[in-house]
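Colleague: The chain contents come next:
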Amino acid sequence: MTARLTRLLAGLALGFALAVSPAQAERLIVSVSNHRVTVTPNYSGEELVLFGSVEKDATTPANRNYDLVVTVAGPRADMVTRRKERRFGIWINTDSRQFLKVPTYLALFSNRPFDAIASPEVQRRQQLGLNNVLLTQRVGPDYADVVPDDAFRSAFVRLRKQHGLYREETSAVTFLTPTLFRTSIPLPAEVPIGTYNVEIKLFADGALVAKTDTAFEIVKVGFEQFVANTARQNGLVYGLATAFMALMTGWMASIVFRKD
Amino acid sequence: MQLYLPIADIPVNVFLILAMGAAVGFVSGMFGIGGGFLMTPLLIFVGIAPAVAVASVASHIAASSFSGALSYWRRRAIDPILAAVLLSGGTIGTALGVWTFTLLRSLGQLDLMIATSYVVLLTTVGGLMFWEGLRALLRARHGGAATTKRPGSHGWIHGLPLKMRFKRSKIYLSVIPVVVIGLVIGFIGAVMGIGGGFILVPLLIYVLRVPTSTVIGTSMVLTLVTMVFATMLHAVTNHLVDAVLALILMVGGVTGAQFGARAGQKIRGEHLRLLLGLLVLAVGIRFAVELVIRPEDLFTVRETGVTG
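Line by line, the protein sequences give chains A and B. Letter 229 of the first sequence, counting from 1, is numbered 229 in the numbering used here, and no numbers are missing. Letter 176 of the second sequence, counting from 1, is numbered 176 in the numbering used here, and no numbers are missing.
Isolated chain A (complex conformation) (with noise of 0.2 Å):
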């Protein structure tokens, strides 16, 4: 089964590469504001700007139109959807598709709608939007991605992109000049820790012409970084201070308040 999923990644890894390569005649520039997001006490989201240029060679038909679209994933995780039925008169969970190694943040940002930018075809192939995003479920046996339309597909993204997880914006990339760019990459407060992977596709007449990638991670410090250690790594010990801190909690007070 695994073994399918790797055949599928590799197929799809040549097919970036097939269609990279034919054309490298201009290259992408980038850089996030900020490579390493720390969480600290008073943490409660932040925003990084990512910025770069498009650079051209003697090759460089001129006057190109470009498009960019920029695709932002965090930690990976396997996530589960469940569909609650009617049944005897309450509401209960009956059906479940469980989502494997999907981005637990994802954000997809361009400067126009990418209906404009290329063809259904190259936009499936190159996974522009969050309907062309591949996410790969559980079907039975097999591991595949199921049409955008599927009903828990689409409630999944629904409910991510409630919480700001999940995002797609096609005004979100500015052009300064010709040929330089901006986007900023809004980052929730419940935002998950880990590195996350920007890739950015530069796109003219409807092809993909240049691809570069960048990341960022986001880490806990300090204090914050200190419990979660502690909770994962010494959980008899975190426990035990836990339970000798609710002791002398409550002790405290009783001294306190005591009415004598």
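Calculated from the structure, these hints are not laboratory results. Here the structure is a predicted model, which means the values were calculated and not measured. A virtual CB, placed ideally from N, CA and C, is assigned to each residue, including glycine. Any given hint could turn out to be false.
[Unchecked claim] Which residues of chain B face chain A? A few of them, derived with a C-beta cut under 7 Å, are:
{"id": "1", "residue": "2"}
{"id": "2", "residue": "4"}
{"id": "3", "residue": "6"}
{"id": "4", "residue": "59"}
{"id": "5", "residue": "232"}
{"id": "6", "residue": "291"}
{"id": "7", "residue": "299"}
{"id": "8", "residue": "300"}
{"id": "9", "residue": "302"}
{"id": "10", "residue": "303"}
Chain A is already provided as a structure; the job is to place chain B on it using the hints.
Modeller: Quick look at chain B alone, frame taken from chain A:
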């Protein structure tokens, strides 16, 4: 004031959590219940993951019940022997409960099991307590002398062997029903993730005829021990106890519990039972409504962790 919780991984408003802790603490101090069945849904409502909420609430209840137990101890309102006998049954019950919990989870419908047992337990217990409280109140108003100890109330339970004297409570009865009640509470607590105080208090009052003067303090001791145990278990097995969240809840909770305990001593027993009955019934009905009414969104998404 926003504060980022290290385990729950979300920022919360400190004052909101403090207020929630204080409110639930007041209720728990007044009735001698843990209040887990109130706190956990509140935390989930604020946006904390259910697993983290359940795990962190355990330590909050431990703090609340310890401060409450101390103040009852000073008033000599705890029966240590009764508590010890209850605990011996409670430990076995907890172990059985954890085993059942694992079994149910492997079968699938654990969430539904928990929701329906909440509804059944809370509405039955709440309804019975409310009804009893109402009757006692009416009796007191019309008949004058209303006492919980009526002649002829000694049923078959008092005919059981292995009798023992519980001095502080001034009762003389068999060890068997006490151990069984401890066992049932331990079991329910482990399966449903609650302290079980709201079931224990009425059981002690109606089945064992423990006087109201010692019932709350004694129930708090049982809650305290089981919740310290639960905190340890959650910390070791799931690593989901958020100490920062727990501390905020505790500070609010113990403050509230002190005032609650004082208020509880001032209110008459029948009124107290009537109020607790109403509260438990209301929460039970709320859970029932949630099961029966069509949910706003039929779909839910839950993270199931990362597979290798």
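Colleague: Identify every previously stated hint that the structure contradicts and give their numbers, smallest first.
Modeller: Violated hints: none at all, because every hint is consistent with the structure.
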